[in-house]
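J.: Single-letter residue listing:
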Amino acid sequence: MFPVLSATLILLLVGTLLTFVAGERARWVALVTSFAFLGLAAVLLYDFSGFAVAHGIELFVYPETYTWISLPWMHIDYAVGVDGISLVLILLTAFLQLATVIYSWNESKKPGAWFGLVLLTCLGCFGVFVALDVLLFFLFWEAVLVPMFFIIGYWGGPRRRYAALKFFIYTHVASIVMLVGLLVLVFYSGSTSFDFQSLQATAGELAVTAQVFVFLALFFGFGVKFPIVPFHTWLPDAHVEAPTGGSVLLAGLLLKLGGYGLIRWAVQLLPGAIPHVQWLLYAVAFASIIWGSVVSLAQRDLKRLVAFSSINHMGIVLLAIALYSSLGLLAAVLLMFAHGIVSALLFMTAGTVHHSTGSRDISKLGGMTPRTPVLATTIMIGSLASLGLPALISFPAEFIALQATWVGIGYWVLVPLIALVVTAGFYIWMMQRMLFGPPRGLPEKVDDVPRHEGMAMGILVALTVVYGLLPFLLVNLIVSSPVVGIPFP
Amino acid sequence: MTVSFDGVFAVAYLVPLFPAIAFVVVGLFGTRLRRLEWGGWVAVFFSGLAMVLSLVIALGEGLNPGKFTDQTYTWLSLPHSGTGAFPGGFSLVMGTLVDPISALMLVVVNVVGFLVMLYSIGYMHHDKGLPRYYAELSLFLTAMNGLVLSDNLLEFFLFWELVGVCSYFLIGFYYEKPSAASAAKEAFLVTRIGDVLFLLGIFIYFAVYATAGAAPGWAASGFLFTSNGHPFLGTLVGTNTPLLTVAGLMMLAGAAGKSAQFPLHVWLPDAMEGPTTVSALIHAATMVAAGVYLLAVTSLFLGFTPADQLAIVAIGGFTTLFAATMALVHRDIKRVIAYSTISQLGYMVLAVGAGFTMVGLFHLWTHAFFKALLFLAAGSVIHAVGTQDLFRMGGLGRKMRLTTIAFAVGGLSLAGIPPFAGFWSKDDVLGSVLSQTASHPLYWPFFLCALITVFLTAYYIFRAFFLAFSGAAPRDASLPEAHEPPWVMRLPLVVLSGLAIVAGLLVFIPGFPNLLPGANVPPTYGTADLFLSGLSTALGVGGIGVAYSLWGNGRVFALPESSPFQPVRRLWLRLYFMKDAYDWIGLRGVYTIARAADFVDRYVIDGTIHGVERTFAELSRRLRKIQTGVVSDYAAYVVAGLAAFLLLLIFVAPWFLHAWGV
Amino acid sequence: MTSLPLADLLGLSAALLGIGLFGILTRRNFILLLIAVEISMNAAILNFVIFSAFLSGDAGVNGQAAAVVLVGLAATEVAVGLAIVLALNRQRGSINVAEASSLKL
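Protein chains in written order, with my numbering: chain A, 1 to 489; chain B, 490 to 1151; chain C, 1152 to 1256.
The shape of chain A in the complex, shown without the other chains (with noise of 0.2 Å):
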């Protein structure tokens, strides 16, 4: 069979080394390397054979293992394979790096690194998608910690070192005790393989005890990329900081390696663990949600605004992964990609709107819509589609979210409902003040979308409205990967 995964990494790295040389043609580089990758990509969704894993006769497809290093007490491989849950990941990684590659089409500072560190942090989470064994994970991992660095502390705002290092060493300090965790998953299970499916098949000897103390080192690892309150305040000073494509992949991409490894690394895992530290789990989620909605209300920082909404949504996706039943979990998933391209449509309208009124200051702009028809409908399309609108790819996400809530912690499920409230609101105040009302505080003159900014965001704003009219184009992924089969307590 056709390698098609390790030739969707061979294909990003050479595409990353190209356009790291590439110079002034690193865009164009980029731009093919972006496309040849939404194909292959394409071709892992015509050739899924999501019967074969929903039959349970394979757990992964496009499974490939080479023997990497080979002890007596230690064997690591080189093995990767999807299933439904990653290929919708993968999807996303594909749209969005093409999406961020367009947008950022006229970026000047040193275009070959720039687009080659954009496409090392795609090619680090794709990595992170399709990896099956612990060290290989684990280096695509930090792979992608190094390319956003660097964007984020050398394209970015005022206050960019700090925002770079407080990034860096939140998701470094939390890739230590994820790395712990492992290692002692892999250890203290009697296993010599770093390989999933066979610590899949040891994990559950461990004893209980260890099996909570693993799993709360990975959840803490995991959740500190979601971001979970209280570890969350790398998060707005590094959106703020970061230029709109860090924003962009930071939002759409990073944060989905948190509930991804969460899923496949924690939960699949170690399934054991779950009664016992689930109250911790929905405690968290609680905080997050609310914390990230109220505390939205009282930002004029368009990004940060976007930022702290992220930690909503993500706390939602943690509430549905908590819930352990096939219904959350595709909740689950769904709510990332849906995140993944809402948020980054917004986080790409709020770098337009920095550069074409020169402030991002919500409580300083008004009356936009006017001026910039074009940049305001996206605010508002963006702005629908992250607080929930039907028709819109959120909707079904979070609909499915929180039926599984009801289904499984009943009234509880009020908490997200109110926040979807408060949601609505900042997102409405927001527009309001923003949007509405007479011109304030624009300059002379003001640029609407220019042409690749715009086209990147149609590209997303397209993919809104098709998932959210289609979206068992998704779930049909998703619901053949026996994760879903996973049975309910």
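Among the hints, a few may not be true.
[Said to hold, decoys possible] Derived contacts from chain B toward chain C, CB cut-off under 10 Å, selection only:
1) T563
2) L817
3) V1119
4) V1120
5) S1121
6) D1122
7) A1124
8) V1128
Since the hints were made in silico from the structure, they are not lab data. This one's a predicted model, so the numbers in the text were calculated from it and none came from an experiment. Each residue gets a CB set at the ideal place from its N, CA and C atoms; glycine is no exception.
With chain A held as given, fit chains B and C onto it using these hints.
T.: Frame of chain A, contents of chains B and C only:
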């Protein structure tokens, strides 16, 4: 007659599709047309097509009542898994359900929709935002038709939210005005509170019914109202569990948000910031009635428990009187009619709660026409004089004869004077609630509320009528010379006037009652019922009489300062302080909490992190002083370390070894 | 032939180490410092030799081998040390170690 209309019912999806085409065409190309009006005519054309099709559908249902469903489009489905809460998996479909009441609603939506579209050509002709206006209005018609044709709760909710968003954009149509932008926000957020509770209700129904039907291999087919033409959800379980009571209350909450019932009514009067045409279509005839339609659908397909019914009656009955009192004192012509709308919606809710769903829908039907008529007539006045302040108008009756007649017809219908449409439906509502008082004495106060409101209604609408039209000349001489509007505006007024007269009488035409099975049969036609009709008519006439005696001379009647009614009047003018309270909660309450939370986030949570960082920085700043750079010092440290290590080895290590038993 | 007791020999090497450490801690002249380092190094070498004499078989040979290696090491160390002295003298005209503290933070 057995003509099969199944072919027509099968293409019912075209009714929402026609305006959708207009939405796309006008939305994309509206601004590029040589004359902006052309886009308007496109929208008028497609809404006309939708109207014709809905009339045919209604004809079909009238001749051949039944349920026709098309459930071929699967929105998303979960496969059979054998475990979990939904062992058979489930599928959510988006389909169409044509039944008598949806046919009736289609007629309401599309007839009023078409007339308002036509009227808008004249009313909005000077506005630069015309393409936007028509695109949003077309999208609204699409969503509203979709809502009416929904065959399951999920789809219902989907379109429910979409009409809400259209309403949001249309209220904020004049978005440069801060008050309009603020009103749009308020409308969205207040209805949103109802919407999330509605969503909770959906979750409950789904979980309950899906579990009840969890036979092996049974796919919980989403939220279907009917399956193969038979009521689906309601047949699966009994209807009197506490959980279902909660679910019913959540439906009520959703309906209260959309239909502006107490305590979520505050947004509707402010929604009058939108163009008057929008008020006529969305905030009088159709969207606000969607809440009532939801209650009707719920009671037909899901069923309310007795506790739910009492709650619904309480909300509806109280709102009826509550809103009517506020309509008594306002000077803004549109706000008076808006409070009247809240009050009339209360009647509908009251009837549905009393268990007479069709009576509620009958009032919805007549109200749609006469209220749209009142709004369009008011719009014609506003178009002519450029103000909404009743106290500045006056004497318009001489200049605008057609508008005057139209407003009078609407007013008489609203006041419940026979044989106008409002009389028949309002009388049915009163009769049905009265009949329920026998079963539960708690229905009495709400019946009395409804009865008192008959008098108040007649009074406030004719107060507005006399203020605007009687007298010799406008009280404010600076107003422009009034004139009759162009034909595109006159024609809808004429048609709606006709409907406001005959809509109630239609029940005597064979076939029409099929659309409202049971509505034309009040509980009894005994003496008590006739007495009630007489009483309500008398109250209506009395209200008009009082209004004439106070305002009929064309002068503003000023309540003496010493009058004991002054505090009450002020209370009404301040809307019972509810809006102030909500603003206070929103601004002082929630926003203050948000600011505090932001402070905590920046200085406590992040501050803790920074504190840790500073501690380590300080520690290392002190520790690095021992790094003098002088070799001898380092050598001294080495020696000291060596000595310490030796001491450790000699004195401490043996103790450890001993402790471990080595 | 009578041999000295082990304790006396170890005392000698301890004395050497003490002298060397005293020199390292008190001298500021780089060359004296190097000499002091050599003395303490010789104490270690002496220890190897002493123990090799008191042990038999492979262990004894190992001690002598280590001593030879350490002598070589000491020579290289002095070579590197003197090179540093020369560089220092050329750069600053002084071989006082207390002044050579520019590598500190």
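J.: Grab the minimum C-beta distance from V1120 (chain B) to chain C and call the hint holds if it beats 10 Å, violated otherwise.
T.: 5 Å, holds
J.: Can V1128 (chain B) be said to touch chain C, with a Cβ gap under 10 Å?
T.: 6 Å, holds
J.: Does S1121 (chain B) hold up as a contact with chain C if the rule is Cβ-Cβ below 10 Å?
T.: 6 Å, holds
J.: When the nearest CB of chain C is found for V1119 (chain B), is that gap smaller than 10 Å?
T.: 5 Å, holds
J.: Let's test the interface hint: is any C-beta of chain C closer than 10 Å to that of A1124 (chain B)?
T.: For A1124 (chain B), the interface hint holds, since the closest Cβ of chain C sits about 5 Å away, which is under 10 Å.
J.: Can you verify the interface hint for D1122 (chain B): is its Cβ closer than 10 Å to any Cβ in chain C?
T.: With a closest approach of 9 Å, the D1122 (chain B) hint holds.
J.: Double-check T563 (chain B) for me: the hint is only fine if its C-beta lies closer than 10 Å to a C-beta in chain C.
T.: The hint is violated - T563 (chain B) has no Cβ within 10 Å of chain C, the shortest such distance being about 69 Å.
J.: Should the hint that L817 (chain B) touches chain C count as held when the rule is a Cβ pair under 10 Å?
T.: Status violated, d = 82 Å.
Checked against the numbered hints given earlier, this structure breaks hints 1, 2; the rest are met.
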